[in-house]
Each structure stands twice: as structure tokens, then as C-alpha cells.
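Spelled out from the first residue to the last, the chains are:
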Amino acid sequence: MKRDEALGIIERNEGAPQPAEVRMYNCKDSINLLLQFLDGEMSPEDTQHLREHLRGCSPCVDFLRTYRATPGLCKKALVAKMPKEVSEKLTEFLRSKIKSAS
Amino acid sequence: MSDEAIREEDRQLLSRAQDGDVSAFEALVDAHRDKVYGLALRMTRSEADAAEITQDTFLSAYQHLKDFRGDAAFGSWVHRIAANHALMRLRHRRVAQAAEQELQGPEFTERGSLADYPQTDWSRDAEEKALDAELGSAIQQASDRLPEGYREVFLLKDVEGLSYEQIAEATGDSIPAIKSRLHRARLALREAIDAFYNRDSREL
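Line by line, the protein sequences are chains R and A.
Residues in the first sequence are numbered from 1 upward in steps of one, following the working numbering.
Residues in the second sequence are numbered from 1001 upward in steps of one, following the working numbering.
Hints may contain errors.
In the SDA-like style, the derived pairs of lysine to any residue whose C-alpha atoms are separated by at most 25 Å in a straight line are [stated by the list, open to error]:
{"hint": "1", "chain 1": "R", "residue 1": "89", "chain 2": "A", "residue 2": "1089"}
{"hint": "2", "chain 1": "R", "residue 1": "28", "chain 2": "A", "residue 2": "1195"}
{"hint": "3", "chain 1": "R", "residue 1": "28", "chain 2": "A", "residue 2": "1176"}
No wet-lab data here; the hints were simulated from the structure.
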């Protein structure tokens, strides 16, 4: 089992047993809840269920790591710089507008 | 220069620009034009639209300079103006959104398990390595393939860093709807990146 401090799954919680009628989360449930989990918007009970699932599910931990890395990677890939001629046109445009407004 | 030093420089330029110093306003434009242009280009995927949106954004900023109290950073304020201009433009040309199921996510077994799902943990590479040009292109294409409403939310939140509230204000959508689209967009993009990292093993 891989461990991940940021995911809060380093230590096994041997606390109170879960009621028998509580359905354990499966991978699909966990993945549906990743955004809420990362935004810190889950109830303590749901967070506990999710962590229980993650503790025993290595594929979900890998999935969560890569899901969490996706925005940063996309941000790097989608950076754009304004072309010089567009920049010059922008300056010219703003100067003419400012001049006509004053 | 640190973020705080940049904000302080912006504050000083803003104060001079609000007093009518045009060169101070031009310095603010120089400092923020790439980010505004980048946002507009990512959202519209059109260089011509991006150039026009950038012009409109800074013109709006100039026209409302006196109203800006400086509660937020100048960059954030201009960013929001740009997002609004880009969204207005998209609304004019928006085509019917593709169905949600067209976004590809992971495949589960019948019991909702990822057990048979081939995985590579590339998260550490994403943090430590410079972005590979080929991967950058794969991400660009995957972003372009997202249905408009999903791309819009993903770009505003994950690339431009707007809050859910700011996106809701800019798009007119509810926060739960925004979160749902963001999640599905992230899943689809994660899937595209995963396919890139696993292309050799999947081609075999």
C-alpha cells in the first residue's frame, strides 16, 4: 500500500467500527468525490469513508495523485505570450482611445 | 520579483494612473497584457478574438480606473474583466454543447472498481520536470476537445485561478453546476495525460 501524507492516509485508523449497514465506498464513489475531497468540502463522515477506501485501494491513490497533478500540468501547457505585433497594436489602440477621451 | 513586490509596484502605478498619469497606465498594461491575452486565447482559441478581447479589457479597465478601489490586486481585477469579455464573446458564437458523456473518464468494473485499470503515477513528473513539448501539445488538443462550457470552467478555475464565486458571477451558472463541469473536465484531461504517459504500453 502506497502512503501519501497529503492525502491523510499515512496512519491506519483503528477507531470505532463502522455500522454493518454502511456501504463501503467503491472506486467509482471515490472518484466522483475527489473534487469535494480536495476542496475540503466533504462532511467528516464522508471524508472518513473515503479515506477508508483509499487506505485499501492503491489504484485509487494513484488516480488521486494524477487527478491532483492535472490542473498544474495543464496550466504549464496552456501558457501563451502575446505576439509582438499584437502588443504594438494594443498600445496604439489604447493611446488613441485615451487621447480621444481626454 | 516577489508577488508582494509586484502588487506593491502595481499599487503605485495604479495610484499614479488614477491621478491621470497615462504612462503609469501603460506600464500596468505592459505588466498584465500577456496574462490577459493568454486567458482570451485559451478561452476563444482565436488569435483575432484574443487580440480584440485584450483591447476591450484594457479599455474597460481605463474607463473604470477611478471606480477601482484597490481592494483586490490590479491583476485579479483585470483578469475578471478579461474573463467577462471572453465569455460574452463565447456566448455569441456558442454552439450546442456536446453531451456530457462524450467526456472520457476512467473505466470501472461492474462493481465500480478500478482494479483492471492500467495506471502510471506521473504526478511526480508533473511537478518536477519541465513540460515536454509533445505532452504540451497533447494537453492543448485535449483542452480544445472539451465541450465549450467545460473548457470555460476549467480554464477559469484551474488555469486562471478564479474562485467558484467569481466564475458563477462571470458565467451566470450555479456553483454546483460549475463544480460538476470542472470535475468532469479534469477527469477528461487527466485521461488524456494518462494516455500520453501510457501510449507505448497501450500500443503494444
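Cross-check of the supplied hints:
1. R:89 <-> A:1089: holds, 20 Å
2. R:28 <-> A:1195: holds, 19 Å
3. R:28 <-> A:1176: holds, 19 Å
Comparing the model with each numbered hint stated earlier shows that all of them hold.
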